[in-house]
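Each residue of the first sequence is one higher than the last, beginning at 0 in numbering that gives the first Met the number 0.
Think of the hints as simulated: they come from the structure by calculation, not from any bench.
Watch out, some of these pointers could steer you wrong.
[Said to hold, decoys possible] What follows is a set of in silico ranges between Cβ atoms, one per label pair, in the way DEER data are often shown:
| no. | residue 1 | residue 2 | range |
| --- | --- | --- | --- |
| 1 | Y266 | E132 | 55 to 63 Å |
| 2 | K56 | E215 | 50 to 58 Å |
| 3 | S265 | D9 | 31 to 39 Å |
[Said to hold, decoys possible] Below are the EDC-like pairs computed for lysine to aspartate or glutamate, each with C-alpha atoms no more than 16 Å apart in a straight line:
| no. | residue 1 | residue 2 |
| --- | --- | --- |
| 4 | K79 | E45 |
| 5 | K199 | D222 |
| 6 | K52 | D78 |
None of these values were measured; they are calculated from a predicted model.
Backbone N, C-alpha and C fix where the C-beta goes; we use that ideal spot for every residue, glycine too.
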Amino acid sequence: MIDIRLVREDPERVRASQRARGEDEGIVDAILAADEARRSSLTEFERLRAEQKSFGKQVAAAKGEEKAALVAQAKATSDKVKQLQASADTASEDLDALVRRLPNVIEEGIPSGGEDDYAVLETVGAPRDFAAEGFEPRDHLELGELLGAIDMERGAKVSGARFYFLTGVGARLELAILNLAIAQAIEHGFTPMITPTLVKSDVMHGAGFLDAHADEVYRLDDDDLYLTGTSEVALAGYHADEILDLSDGPKRYAGWSACYRREAGSYGKDTRGIIRVHQFQKVEMFSYCRPEDAADEHQRLLGWEREMLAKIEVPYRIIDTAAGDLGGPPARKFDCEAWVPTQGRYRELTSTSNCTTYQARRLGIRERDPNSEKGTTRHVATLNGTLGTTRWIVAILENHQQADGSVVVPEALRPYVGLDVLRPA
RNA sequence: GGAGGUGUCGCAUAGUGGCCUAGUGCGCCCGCCUGCUAAGCGGGUUGAGGAUAAAACCUCUCGCGGGUUCAAAUCCCGCCACCUCCGCCA
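Let's have the full structure, built from the sequences with the hints guiding it.
Given below as C-alpha cells:
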C-alpha cells in the first residue's frame with residue numbers, strides 16, 4: 000500500500016509509475032475521488048458525534064420529567080449518528096480497497112515494460128567452453144542421477160510432479176549452500192532466523208502475496224493459513240504493529256525456511272529437474288531500514304548476493320527488472336542470473352527487492368521520525384534478497400562438471416560438503 | 001479437544017452504565033532549584049484520522065469484531081492471545 004498523501008500531492012508521479020508498469024492509470028483519479036468522499040463524510044459524522052456527546056452530558060445531569068424529554072430528543076440524534084458513521088465507514092473501506100489495488104510507485108529511472116524489457120547491468124565471469132574442453136556437458140538432472148544426488152522419480156511417487164528427494168551428496172550440497180549463506184549473513188551482522196512457514200492471512204496480505212499472484216500460494220482452508228513461498232513473509236510480519244528503533248542502523252535478519260509454490264500457470268515450463276519445484280529451501284536476507292537509506296541498503300543486499308555467487312564460482316549477470324515485471328510491493332528489483340550451460344542461458348539464482356514503505360504500511364511497521372520534534376511516527380522501508388536456494392545446485396553441478404561426470408566442489412563449499420569432488424556412484 | 005481464569009496509556013495498578021475529557025505510582029522527557037549528583041518542586045508523556053498556513057480544536061482508540069442503550073472500559077454475544085487444570089498426541 001502506498002501513502003494516500005503521495006497520491007494527493009503528486010498524482011502525476013503515480014500515474015507515470017502506472018504507465019511504466021503497463022497498468023491502469025485511471026485508478027489514480029478514482030482514488031482521489033474516493034479520498035474526497037471519505038473526508039467529507041468523516042467530517043459530517045464527527046460533527047454530529049461531537050454534538051451527541053455534549054448533549055449526553057445534559058441528559059446525565061437532568062432529573063425526572065426533564066430527563067425523559069431529553070432522552071427522547073437524544074434518540075433521534077443517535078439514529079442519525081449511526082447512519083453517518085455507517086456511510087463514513089463505507090467510504091473509508093471503498094478508499095482502502097482502491098489504494099490496496101495500487102502497486103508500489105517505482106523507483107525513478109528503472110526500465111519500463113514487461114518481462115523481456117529488463118536492463119543488463121553487469122555480466123560477471125565467462126561461461127566455460129565445453130567444446131574446447133572436448134566434451135558435451137550433462138544437464139543437472141543427469142549429473143544428479145549419476146551422482147546419486149537427486150531422485151525425481153520417487154519424489155513424484157510420493158508427492159507428485161515437481162517434487163523430488165535430495166539424496167546423499169545432493170542433501171549435503173543443499174545443506175552446504177544454506178549453511179554457507181547463514182555463515183556469511185552472521186559474519187555481516189544479520190540475525191539468523193528459522194521462521195514459520197504457515198502464516199495468517201493478514202500477514203500474507205500485508206507482505207503483498209495475495210494480490211496479483213494469489214493462485215501461486217498454497218492455502219489451508221480448514222485453518223485459514225497460508226504456506227509461504229519465502230521466509231520474507233514471516234520476516235515482514237515479525238515486526239508487524241511495532242515501532243522500531245533504527246537509530247543504530249537497519250535491522251537485518253537472515254531467514255532459513257522451506258518455501259512452497261503452486262507454480263500455477265507454468266505447466267510445461269522447466270518440467271525437468273529441480274529448476275522449478277513446489278518445495279525448496281532458501282536463506283533470505285530481510286532488512287528494515289529508514290526510507291531515505293533504502294536505495295543504499297538495496298545496493299548492500301545486492302553486494303552480499305554477489306559475495307555468495309563469487310563463492311560458488313559460477314558466471315552470472317545482474318539485471319534491473321522492468322517495471323511491469325516487478326509485482327506489487329517492490330519499487331525496484333535486481334536479479335542475479337547464473338549461466339546454465341545446457342540451456343545456453345542465464346537463470347535466476349537471486350532476487351533482491353526494495354519495497355520502500357509498501358509492506359510496512361500494510362503491516363503497521365513504524366519508527367519515530369528522526370526529523371520530527373514531536374516524536375511522530377513514520378513507516379520504515381523493507382527490503383529482501385536471496386543468499387542461497389536449492390536451485391543453486393543446478394548452477395553448481397552444471398558449471399563445475401568434468402568429462403567423467405564428476406563435479407568439483409567450489410572451495411568455499413568444501414568445509415560444508417566435506418568433499419572436494421562429487422563422484423558418480 | 002474440554003473446564004476455569006486473565007487481557008486498561010512503556011511497566012504496575014484503579015475504575016461494575018453518565019462526575020472517565022481514563023485516575024494513581026514507577027519509568028522517561030523538559031524546566032526550576034542546586035559547588036556536582038541525588039532528592040525536592042512544576043509541567044509533559046498511547047496510537048490513528050480529520051481540520052489548519054501553523055495552531056487552538058474535533059473524532060476514534062481500554063486484546064479484536066459485533067450487539068444492547070439517549071449514553072459502554074463497565075452489560076450481552078463471537079473470536080484471539082496468555083495462564084491453570086484435565087484428556088489426547090508427535
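Outcome of the hint check:
1. Y266 with E132: 55 to 63 Å: Since the Cβ atoms of Y266 and E132 sit about 36 Å apart, the hinted range of 55 to 63 Å is violated.
2. K56 with E215: 50 to 58 Å: At roughly 56 Å between Cβ atoms, E215 and K56 fall inside 50 to 58 Å, so the hint holds.
3. S265 with D9: 31 to 39 Å: At roughly 37 Å between Cβ atoms, D9 and S265 fall inside 31 to 39 Å, so the hint holds.
4. K79 with E45: 12 Å, holds
5. K199 with D222: Holds. K199 to D222 sits at ~9 Å (cutoff 16 Å).
6. K52 with D78: OK: K52 and D78 at ~14 Å, within 16 Å.
In this structure, only the earlier hint numbered 1 is contradicted, and the remaining ones agree with it.
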